[in-house]
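Colleague: Chain order of the listed sequences is A and B. Per our numbering, the first sequence runs over residues 1 to 112. Per our numbering, the second sequence runs over residues 1 to 159.
Derived from the structure by calculation, the hints contain no laboratory data. Treat the hints with caution; some may be incorrect.
Claimed, not checked - Below, simulated DSSO-like cross-link-like pairs (lysine-lysine); rule was C-alpha separation at most 30 Å, straight line:
id: 1; chain 1: B; residue 1: K89; chain 2: A; residue 2: K98
id: 2; chain 1: B; residue 1: K24; chain 2: B; residue 2: K74
id: 3; chain 1: A; residue 1: K98; chain 2: B; residue 2: K107
id: 4; chain 1: A; residue 1: K69; chain 2: B; residue 2: K74
id: 5; chain 1: B; residue 1: K24; chain 2: A; residue 2: K98
id: 6; chain 1: B; residue 1: K89; chain 2: B; residue 2: K74
id: 7; chain 1: A; residue 1: K69; chain 2: B; residue 2: K107
id: 8; chain 1: A; residue 1: K69; chain 2: B; residue 2: K24
id: 9; chain 1: B; residue 1: K74; chain 2: A; residue 2: K98
id: 10; chain 1: B; residue 1: K107; chain 2: B; residue 2: K93
id: 11; chain 1: B; residue 1: K74; chain 2: B; residue 2: K93
Said to hold, decoys possible - If the Cβ cut is set under 7 Å, some of the chain A residues that face chain B in the computed set are:
id: 12; residue: G28
id: 13; residue: V44
id: 14; residue: W93
id: 15; residue: E101
Stated by the list, open to error - FRET-style restraints, in silico, Cβ to Cβ:
id: 16; chain 1: B; residue 1: A13; chain 2: A; residue 2: V30; range: 20 to 30 Å
id: 17; chain 1: B; residue 1: E137; chain 2: A; residue 2: A91; range: 38 to 48 Å
id: 18; chain 1: B; residue 1: K89; chain 2: A; residue 2: A87; range: 27 to 37 Å
id: 19; chain 1: A; residue 1: A91; chain 2: B; residue 2: L96; range: 13 to 23 Å
id: 20; chain 1: A; residue 1: I73; chain 2: B; residue 2: A6; range: 16 to 26 Å
id: 21; chain 1: A; residue 1: G4; chain 2: B; residue 2: L125; range: 41 to 51 Å
id: 22; chain 1: B; residue 1: L18; chain 2: A; residue 2: P103; range: 42 to 52 Å
id: 23; chain 1: B; residue 1: G50; chain 2: A; residue 2: V30; range: 40 to 50 Å
id: 24; chain 1: B; residue 1: L18; chain 2: A; residue 2: A84; range: 18 to 28 Å
id: 25; chain 1: A; residue 1: F97; chain 2: B; residue 2: A13; range: 41 to 51 Å
id: 26; chain 1: B; residue 1: R126; chain 2: A; residue 2: G19; range: 32 to 42 Å
Here a beta-carbon is modelled for each residue, glycine too, at the ideal position from N, C-alpha and C.
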Amino acid sequence: MDWGLIRDILAWALFLIGGAAVVVGALGIVRFPDFYTRLHGAGVTDTAGAELMIFAMMLQAPNWLVVAKLGFIAIFLGLTSPVATHAIAHAAWMVGFKPMEGPDLRYDGDRS
Amino acid sequence: MGRILALIVVLTATWLLLSGYFDKPLLLAFGVGSVALATWLAVRAGMADGDGLPGHIFPGIFGYMLWITVEVGKANLIVARQALAVEPKLSPKLFLVPNPPRTSVGKVIFGNSITLTPGTVTVDLREDEILVHGLTEDLSDVAGLRDMGERVARIERGS
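Just chain A, with the same shape it has in the complex:
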């Protein structure tokens, strides 16, 4: 087995897992019940989906310069995507948007 074949197999595995994570994250966004829980679904796309695909691209890179650039992208994605998620969550919280709570997914004060 040569290094090129191992690289291809590993990259394909990472691309497939990353792609699956993006789909699962999207499913989470659609299926979870309220705004705050949906943010968690988006978190799967942000972290596992994006980062695994970047690692796969690193394995397919033609030279070390491209690997370094992809490394920068991975690090900056890891630094900025939680900031964006927090900005959305904090904005919702500041305007007084209450989350569902507990296993029965009730809004606070909701007695049905």
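Mind docking chain B on chain A? Use the hints.
Modeller: Showing chain B alone in chain A's frame:
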């Protein structure tokens, strides 16, 4: 002065890595010019302090990045299982976690780490506490998040 030197070294290394030019004098001269301009702007904007150039988090931050990657992976599996479950067993709640880091850089690292981990999102940063929204009962793990905060505090103290 040490910080400015470190900034110049980091900017030069970044420029070389991103451009990939090592033997074209004209382009290298432009690179030197842009590093000088960026350094001057950073100093002028007052960004060359402990917040803009957090030298004290190195080298501890590298070990922490490896650790947080593993944690994020584990949390991803839990959230993915809920997203795919026929009947998701969610139990969302808001809870407070102590915020041990003292510097603003440490607080940002901790708040970002909580949000980066799927299943927990930082909703509000307060003076000594962080308001966190958790997706399920086992993801709303206050003891685990407290441990994460202690790790960040250890990094910023440099131990």
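Colleague: For every hint, state whether the structure bears it out.
Modeller: Going down the list of hints, with the structure as the test:
1. B:K89 x A:K98: Within the cut-off at roughly 20 Å; holds.
2. B:K24 x B:K74: Distance of about 47 Å is beyond 30 Å: violated.
3. A:K98 x B:K107: holds (25 Å)
4. A:K69 x B:K74: With a Cα-Cα distance of about 27 Å, the restraint between K69 of chain A and K74 of chain B holds, given a limit of 30 Å.
5. B:K24 x A:K98: violated (58 Å)
6. B:K89 x B:K74: With a Cα-Cα distance of about 18 Å, the restraint between K89 of chain B and K74 of chain B holds, given a limit of 30 Å.
7. A:K69 x B:K107: Measuring from Cα to Cα gives roughly 28 Å; hence the hint holds.
8. A:K69 x B:K24: holds (20 Å)
9. B:K74 x A:K98: holds (28 Å)
10. B:K107 x B:K93: holds (22 Å)
11. B:K74 x B:K93: holds (20 Å)
12. G28: holds (3 Å)
13. V44: Check passed: Cβ of V44 of chain A comes within 5 Å of chain B, closer than 7 Å.
14. W93: holds (5 Å)
15. E101: Since chain B brings a Cβ to about 5 Å from E101 of chain A, closer than 7 Å, the hint holds.
16. B:A13 x A:V30: 20 to 30 Å: Hint violated: Cβ distance 43 Å, outside 20 to 30 Å.
17. B:E137 x A:A91: 38 to 48 Å: Since the Cβ atoms of E137 of chain B and A91 of chain A sit about 27 Å apart, the hinted range of 38 to 48 Å is violated.
18. B:K89 x A:A87: 27 to 37 Å: Holds, at about 29 Å.
19. A:A91 x B:L96: 13 to 23 Å: With a Cβ separation near 20 Å, A91 of chain A and L96 of chain B satisfy 13 to 23 Å, so the hint holds.
20. A:I73 x B:A6: 16 to 26 Å: Distance hint for I73 of chain A, A6 of chain B holds at roughly 23 Å.
21. A:G4 x B:L125: 41 to 51 Å: holds (48 Å)
22. B:L18 x A:P103: 42 to 52 Å: holds (49 Å)
23. B:G50 x A:V30: 40 to 50 Å: Given a distance of about 43 Å, which is inside 40 to 50 Å, the answer is holds.
24. B:L18 x A:A84: 18 to 28 Å: Holds: the Cβ-Cβ distance is about 23 Å, inside 18 to 28 Å.
25. A:F97 x B:A13: 41 to 51 Å: holds (44 Å)
26. B:R126 x A:G19: 32 to 42 Å: Cβ of R126 of chain B to Cβ of G19 of chain A: about 39 Å, so the range 32 to 42 Å holds.
Comparing the model with each numbered hint stated earlier shows that hints 2, 5, 16 and 17 do not hold.
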